[in-house]
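Using the sequences and the hints given, assemble the complete structure.
Counting in numbering that gives the first Met the number 0, the sequence shown runs from 0 upward without gaps.
Incorrect hints may appear among the rest.
[Unchecked claim] Label pairs and their calculated CB-CB ranges:
| no. | residue 1 | residue 2 | range |
| --- | --- | --- | --- |
| 1 | Y113 | L49 | 32 to 40 Å |
| 2 | T120 | L47 | 47 to 55 Å |
| 3 | G100 | S17 | 32 to 40 Å |
| 4 | I38 | Y113 | 22 to 30 Å |
Just so you know, the hints here were simulated from the structure itself, not pulled from any lab data. All residues carry an ideal CB built from backbone N, CA and C; glycine is no exception.
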Amino acid sequence: MRNIVYFLFGLSIFTSKSGLTIFGLLLFFDALRVINFKIIWEKQKLLLLLWLIYPLGALINLFSLGGVTSALEYLKSFSWLLLIAPASMLIQSPQLLRPLGWGGLCGLFIALVYSFYLFATFYNFDFNSHE
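In structure tokens form, the structure reads like this:
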């Protein structure tokens, strides 16, 4: 199951922002469930410090002029910081790089084919900027 989610996350990198959000959140919760923090502390101490940025930013925003609204906007805008947890999983088990890489390659291929389709149908392969 984990390989499928990593593949779908890789597929979403080039094709879907909502896919990045959905599969990134799934990867985040899965990573929190199985991460061995002792290994992360031994290999990458900076990674654990990076984990503190997200809740610390929300806490600081609570005391700004925007208050709770500002903190919620921060949590929405900077949710990509939650991807630090799945990155930690890649440090512990590098075999997860394969489905992520294949998903990324498939997503890139789909995005390229779709862009050529749009270029052919809407612009008739015309490279000129004038009408």
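**OP:** Note whether the CB distance of Y113 and L49 lies within 32 to 40 Å or breaks it.
**Re:** With a Cβ separation near 34 Å, Y113 and L49 satisfy 32 to 40 Å, so the hint holds.
Original post:
Does 47 to 55 Å hold as the CB distance between T120 and L47, or does it fail?
Top reply: Distance hint for T120, L47 holds at roughly 49 Å.
**OP:** Look at the Cβ atoms of G100 and S17 and judge whether their distance stays inside 32 to 40 Å.
**Re:** violated (22 Å)
Original post:
Lying within 22 to 30 Å: is that true of the beta-carbon distance I38 to Y113?
Top reply: violated (40 Å)
The structure fails hints 3, 4 (numbered hints given earlier, in ascending order).
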